[in-house]
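According to UniProt numbering, the sequence shown is numbered sequentially starting from 1.
Quick caveat, the hints were computed from the structure, so don't treat them as lab data. Please note that the accuracy of each hint is not assured.
Below 25 Å or equal to it, Euclidean Cα-Cα: the simulated DSS-like pairs (lysine-lysine) are [to be verified]: (1) Lys75 to Lys63; (2) Lys180 to Lys199; (3) Lys180 to Lys248; (4) Lys274 to Lys248; (5) Lys145 to Lys75; (6) Lys51 to Lys75; (7) Lys199 to Lys248; (8) Lys29 to Lys63; (9) Lys274 to Lys250; (10) Lys29 to Lys75; (11) Lys180 to Lys145; (12) Lys167 to Lys145; (13) Lys199 to Lys175.
In this text, all values refer to a predicted model and were calculated from it rather than measured experimentally.
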Amino acid sequence: MVNLLVEAGLKTETRARLDDVRESRWVSKGWTDLHVAVAFDRTDELLSLIKVRERGSLDCRDKEGRTPLHLAASKGHERCARVLVDAGADVDARSNDGRTAVYRAASNGDRRMVEMLMEVGADPTIASTDRGRSALDVALDKGHKEVVEILEWGEAVLNAARRGELKHLESLLEKDASVKYRDQYGLTALHAATIKGHKDAVMMLVEFGSDIECQDTEGHTPLHLAVEGGSIETVEVLIDRGANVNAKSKAGATPLYMARAMGYDEISQFLLEKGASSSSSLPSSLSSSLSSML
Numbered sequence: 001m002v003n004l005l006v007e008a009g010l011k012t013e014t015r016a017r018l019d020d021v022r023e024s025r026w027v028s029k030g031w032t033d034l035h036v037a038v039a040f041d042r043t044d045e046l047l048s049l050i051k052v053r054e055r056g057s058l059d060c061r062d063k064e065g066r067t068p069l070h071l072a073a074s075k076g077h078e079r080c081a082r083v084l085v086d087a088g089a090d091v092d093a094r095s096n097d098g099r100t101a102v103y104r105a106a107s108n109g110d111r112r113m114v115e116m117l118m119e120v121g122a123d124p125t126i127a128s129t130d131r132g133r134s135a136l137d138v139a140l141d142k143g144h145k146e147v148v149e150i151l152e153w154g155e156a157v158l159n160a161a162r163r164g165e166l167k168h169l170e171s172l173l174e175k176d177a178s179v180k181y182r183d184q185y186g187l188t189a190l191h192a193a194t195i196k197g198h199k200d201a202v203m204m205l206v207e208f209g210s211d212i213e214c215q216d217t218e219g220h221t222p223l224h225l226a227v228e229g230g231s232i233e234t235v236e237v238l239i240d241r242g243a244n245v246n247a248k249s250k251a252g253a254t255p256l257y258m259a260r261a262m263g264y265d266e267i268s269q270f271l272l273e274k275g276a277s278s279s280s281s282l283p284s285s286l287s288s289s290l291s292s293m294l
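I would like the entire structure built from these sequences, with the hints used as guidance.
Put into structure tokens, the structure is as follows:
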């Protein structure tokens, strides 16, 4: 472990610190080089180490089942957490006690870490196995008001958008409720509003900073779901605000492909007029409908 850390550029401030790495306590914890780099909050060294590892090894575990991301969340090392997430670490990985990274951040009252993890799709509803509590439960128990607001208001925004409740939605957004909250399918409030055809809610969410190209777990953008919902007005709103008409889902479906597959001739024609490509290869089958999820 020491050799790999040194090769990757991990500079120790003192000889004693290098000796610490050698000490059996690291071995007894089951920590890898990634765990150690995160423990010292060494972002540059972490990046170097990641370059020589396979993607799956980012979720390596210590003897308690903790991944490097768990450790970053527990210690509040936001930059290290961001590096790991950007490199493909599993944001919902569970340790032996069933706790996720967002659970640990919520338990510590770390608002910034919770926000970052939520933005990249962490599921705050996952309950730990030791006490059966979610991130919201532990934040409530410990009185971390700001974290509770992030977790509660984010879900409230999604629900208000889904139902097209404009006054409630506006009230939440004016209180700085997050528009980046995602449910277990990776759906944001903007996804929910678009598939339901709530164009006014869509306009409001975009105005308050919703990412118009955000993708759910299947790679669908809000435009994909607006097409699936069959509302040409909502499709127009998104395209007028810069939505990519040729965005592809993980299955390779474009909005135009979805419109044609669903028999929405008017939407298909509109997409073509707005620059949709009709020459790209089409997937063999359309991703399953998300309507039942909303």
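Results of checking the hints against the structure:
no.	hint	in the structure
1	Lys75 to Lys63	holds (18 Å)
2	Lys180 to Lys199	holds (18 Å)
3	Lys180 to Lys248	holds (21 Å)
4	Lys274 to Lys248	holds (16 Å)
5	Lys145 to Lys75	holds (20 Å)
6	Lys51 to Lys75	holds (23 Å)
7	Lys199 to Lys248	holds (22 Å)
8	Lys29 to Lys63	holds (6 Å)
9	Lys274 to Lys250	holds (22 Å)
10	Lys29 to Lys75	holds (16 Å)
11	Lys180 to Lys145	holds (19 Å)
12	Lys167 to Lys145	holds (24 Å)
13	Lys199 to Lys175	holds (22 Å)
Of the numbered hints given earlier, the model fails none.
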